[in-house]
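Using the sequences and the hints given, assemble the complete structure.
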Amino acid sequence: MNNNKRYFLFLMTLSLFSCTKLDESFRSDLAESNNNDIKASQLLLGAYNSIAGPFQGNADLWALQTLSTDEGIPPTRAGDWDDNGAWRAVSSKTWNADLAQVRGQFEQLLATQFSASNVLQYNPSAQEAAEARFIRALSMYWTVDGYDQVPYREDLQDYKLLPITLKGMEAVDFIISELTAIMNDLPATGPAYTASKNAAKALLMKIYLNKGVYANRATPTFAAEDMNKVVALADEIVASGRYSLSSNYFDNFSPDNHLKSTENILTFLNDPAANRGGNVRGFAFMVQHYNQNPSGWNGFATLSDFYDKFEATDQRRGVAYSYPGGPANPGKRVNVGFMLGQQYDLVTDAPLKARNPADKPLVFTRDVKLVETDPATLELTGIRPNKYAYDYGTPGDQKNNDFAVFRLADVLLMKAEALLRTSNAAAGLTLVNSIRQKRGAADLATLTLDNLLDERGRELYWEGYRRQDQIRFGKYLLAYQNKPAAPAHTLIFPIPSSQIAVNPNLTQNPGY
Amino acid sequence: MKQKLTPILMGLLAVCLFCVQPVFAQNKTVSGKVTDGKDGSAVAGASVTIKGTKQGTQTNAMGEFTISAPASATTLVISSVGFGTKEVSITEGAMDVVLAAAANDLNEVVVVGYGTARKRDLVGATASVAAKDFNKGTYTSPDQLIQGKAAGVLVINNTGQPGGSTTIRIRGSSSIRSGNQPLFVVDGIPLSGGLARPGGSGGEFGNDGGNPLNYMNPNDIASIEILKDASATAIYGSRGANGVILITTKRGKSGAAQVDASASAGFSQVAKVLEVLNADEYRKALKDYGLTSGDFGKSVDAFDEITQAGLIQNYNVAVGGGTEDARYRISTGYLDQKGVVKTSELKKLSVNLNSNFKFLPSKKLGLDLNVMVTQTNERIAPISAFVGFTGNLISQALQWNPTRELYKPGTDSPFVERGSTTINPVAQLRYYKDLAVVNTILASISPSYKITNDLEYRFLYSVNRQVGTRKGQINRLLNAQDIENRGVAFLNNQEQTNTQITNTINYNKKIGSDLNLNAVIGHEWLVFDSKGNGLFGRDFTNLGLNYYDYLGTTSQASRGVYSFASPTQELQSFFARAILNYKDKYLVTGTFRADGSTRFGENNKYGYFPSVGVAWNVSREGFLENNDFVKNVKVRASWGKTGNQEFPSGASLNRLTIGEYNAGISAPLINRATWGNPDLKWESSATLNLGLDFTIFDERLSGSVDYFNKKTSDVLYEQNLIQPAPPGRIWFNLEGFVINKGVEISLLAAVVRNKAVNWNIGGNVSFLQNDVSGLAGFYETGALRGQGFSGVNGQRVINGQPLNVWYLRRFEGIDKGTGQSVYADGGSKLYYSGSPNPKMLLGLSTDVSYKKFAATVNFNGNFGQYIYNNTAASVLGIGNLGNRNIAKGLVGTSIQESLSNAPAPSTRNLEKGNYVKMTNASLSYRVGNIGKSFRNVNISLTGQNLLVITNYTGFDPEVNTDGGVNGIPSLGIEYIPYPSARTFTLGVNFSL
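Top to bottom, those sequences are chains A and B. Be aware that the first sequence starts at 1, since it is given in the working numbering, and climbs by one per residue. Be aware that the second sequence starts at 1, since it is given in the working numbering, and climbs by one per residue.
Simulated from the structure, these hints should not be mistaken for laboratory data. Positions of the beta carbon are idealized from the N, C-alpha and C atoms, including for glycine. Certain hints may be false.
Covered by chain A, according to a simulated footprint, are these stretches of chain B (three or more residues, beta-carbon under 8 Å) [as the list claims (entries may be wrong)]:
(1) 403-414
(2) 646-654
(3) 723-735
(4) 787-796
(5) 895-904
Rendered as structure tokens:
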């Protein structure tokens, strides 16, 4: 038995020897404990990338802001774009709290808020902190604009703590106070893709201009005090002397727009060499036909009523745009703006054919329906807009065109609107006509709310502001070509059901 | 082939010569031969002991034995796995012992976790499949051997690619997000379930992950035990909840060296071709629809062009022998299986060494040494489920316009239309190359020491190391997006090293005359490590070389580089089990395991998993004893808790990921990836099992009936974070339950049992029910794919419905006037539309022998599940007409479907998946001995997947294309899969 005891002891020793504390560590990622090695600048770029996402490509924020308006339509083309009816719901404002686009927009904006707040945890410099807070304010502004509720989190460490919910004007006031607080720390100069004083002022203009909407979406009223702030901020931006209207409208969106554009105040940087960017090529892919170059997804279109708002001389309607790395385009075919009629190979000028039926010429037509059912034309219907000249010179998914967020033309139009709303139509008209002259359009004789909304459409089409503009002008719910009238609750999106299920501090918006 | 094998064979023979030692006779020598009563074939490896002593031996491959016995010995006890135990009187001269295949042999010793137990002592729900009952034919991994062989076990071959992955579910799916595959344990080594075969990068390369058990040679497996209830699996604690499959490899048997060899060759062909229009039908359809374009004037069969009769060769040689104290078995196998899709192939070379030693005069010190070395070489077909709208090889072939030439006129070069999005499947095959090599070593050393006659200590150290390389390229000549005029290639590596240290003490004691105790306690420490790296790039010119051999010349912007090391992963466990047997009437088994894992959150480092099982051997009671009709009746009951910890390591910690380098800040971006959950723990399943085993009709009918109820709580899920939050999700133990309950019945009947004819029928049937309750909200999965299906998830996980319930628009037919689909509620409403989980599983086997002929047929079937035919839904829709091909069933219908009818996701393509398959059938003829050298020659003809009875219109209702969303697995989707094969092989076995 003595022997046995010895063996047993030996075993116990062996067991103890192999005991482990079971501590876990990453080997290719970082844990919080690596805090000392992390700089705020590294996280700040992540926040910039995060905010750039939802505005580009065909999904989420861009889709909801554009395709639910008189500016765009996502037709179901037999085998294409059925997608379980998601696009039809966007187009007709029949969305519900489960819709992927409604959820995607909400989640991406709030993920950006988190990402920006997180920069503040890592000892940022004053400017880094200001840039992060600007990105956060921009994401919160779009959140309140779409959902009227902004979940906001102070403590980023404990996932169990519920975020507070800032409702309507509460959120607006918070965003204004944030922008005011950071103004001094933001740079006055620098590239358009970095948050600057002028970018913060442009965002403040948007907020003051829409403040009446956030107070009452169905019947907004506009306080003179807010309008005066819009005018004053526009004047400050102009007075900085950094911007002038570009002589070629499409220079603002070209692959080299960071060099060429003279009017971009804030952009989202797309630069494959710097490993930065979003899906800007989606703007070409979502409209182009399969047989065009680049071969697209043959998707969205604009409506002929909208197209007809332009006069033929207006360069914004479409031109043969020549740019570095662009196609030879010997036939001088329209390659930016609106594509309508026969389409051509932009290198050889050979007319293109449709894919199905393959013997038909590729001719984009004016008329388009939400559900296309005629096999002979279902690939061909609809006028196709694209402002972002395709960057053929850069291989891969990421392209060089920076995404334009705030432009001088928008600032001037906002100022004109504020003047109009404070009974100074004449001054507003001068501003509007200064833009129209630059774009090759005839002067307007008078300035009214209706033709100003049209002008905003002509200048800013497919830039993501149409829903907001239509709501502010009280036109969002009306019936348009191919668009039914919509009930008032659609002025605000539903809170996604996935978040209602987990966050008891959120209440579903009325009507959903 | 012959040249390759000869040196190996010579090597093996040389090794044998060293090991063979003569057995010296002492008192009197008893010799004889043991044969199978069923067909007269030799029973190899039967245990032969002299009654009343510990002396014993085993029969060799010819069934022969020689044993020295004391002069006083009168009786031999002879037993073998799958046969009964027989006592025979010792007679002069060569004895002839005939063993009857036992319907249910209760003295059989079976492998249980961390030891062995007599089958009669078992109280849990287990199933054992011996080598002789495995599915017949060419199989690449052991899980395929038991398809349809055990009640409650579902085995689905996910794809027809040789070496492709399988889905295994023991008693249904109990986890939403975590893995549902059972734990595999090979000779006491629990596997990680991982496979060091890297994926492809830079293009649309084959996406099937491969089967992690491919490195095992089915020919080396002696038996497979399936542990189903908690009493059996709780000893595996946090990894036991999905059931455990124990694989025992063949051991050497003492005696003269014995060579067993087998060779087989055959071919496979596509089991079922999906019907599309041929050229004439296509032209007619164009005419019927008034289409003037789309006829190119030729007549081709694209699917035929990409498929072939794939040749299969399989060779195995095993040498075994040794003395009672030093036994060995060395085996080697070579498999070359060409797939039914051209170019695809699996080659496997494996070598396995098993040796068992006993040392010291007392023979108390033992040593087991096992080494398994395998290389698999795969050439993978361009078939991925995750492809864009240009599709994969299968959809390209199905869609190819049958009137359009595939080759440039007068050449064998594929026709490629530049700038077009239609890809020629012949070009896809020609311009694509995808190779994977995985080298595996599974080695273990296990010394043991008998401290007393009842108490044994055993140590086990094992290493499972895999190194995988994958390289691939797509030629710039292919007109695919980002490939045309550029080309792409990658080279990826992965390695995986798992080590194990296990200490166990076994105590096996008869206490008094009536109580038997079999107990084990132990400690185990497992360490898992996985690393990988890879690179890819674009922009090649064609120089006649393989792109992946000169990746350094690619354009800088197109290059991608990665490397990774998995988070640290360790599992430390303490476990114990006691099996008590009182008078062979009352049986109690208790097990306990404590598992600690690096994965678990800081606040839940250790999980505890108890189980208890009881059984009452009714037939041992006086009123049934010595009853010839009722040979054995045992009722069983068990309850226990098991766990599932298949969530990724690192999920309990806050994680930041490192982004790409940015020149502006001279540093990489850093992103907060997700929150960790410090409370994270295993998923816990409480299982109640009630069972009945019986053997009646003079041992002619035996079987089991089991009822189980498995309630899974703390369900693991990667939950949406409360926004604002990092972009990821958080691993969470949900409050809901997943309940699986069911009944399993298995029967084995000896229908005819006489000298000339033996006929057995075995079958099993299981009824399964699956429900989810207590979840907050619902979760989507079941990604349906194809044009017009972007972002469409067809399945939900929601309270009151089975896991992965289908949630779709309800199709009500085609409108006569418009030719458009009509949906309930105008298509604005989705309906719960059935479950992809089978409600009933069926397995059926029968074997008949008549003199020297023997035939075996195995069937398996699943019933009650719905399968989404995504191939028909989005690849072959009517809208293709005039351009691409369509499904045959769409023309000649009473209502003409409009060409513009959107192929939308709906119940239109949700089909009943019921099927019965003839898994395999084999006919063999026992030639016997040829000359002096070739003994026990047996030839056989085997067919696999010979017959499928189903109404399902796709390729094969046995399919599982990955449609997981956010990591929630899907089930029951078919989307342009690698087609399944029907295989015929002719084989020969013999011994030397």
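Outcome of the hint check:
For the stretch 403-414 of chain B, the proposed coverage by chain A is not satisfied: 0 residues have a C-beta within less than 8 Å of a C-beta in that chain, short of the threshold of three. Counting residues of the stretch 646-654 of chain B whose C-beta lies closer than 8 Å to any C-beta of chain A gives 5; at least three are required, and the coverage claim holds. With 6 residues bearing a CB less than 8 Å from a CB of chain A, the stretch 723-735 of chain B meets the requirement of three and the coverage assertion stands. With 6 residues bearing a CB less than 8 Å from a CB of chain A, the stretch 787-796 of chain B meets the requirement of three and the coverage assertion stands.
Look at the stretch 895-904 of chain B against chain A: 7 of its residues bring a Cβ nearer than 8 Å to a Cβ of that chain, three or more, so the hint holds.
The structure fails hint 1 only (numbered hints given earlier).
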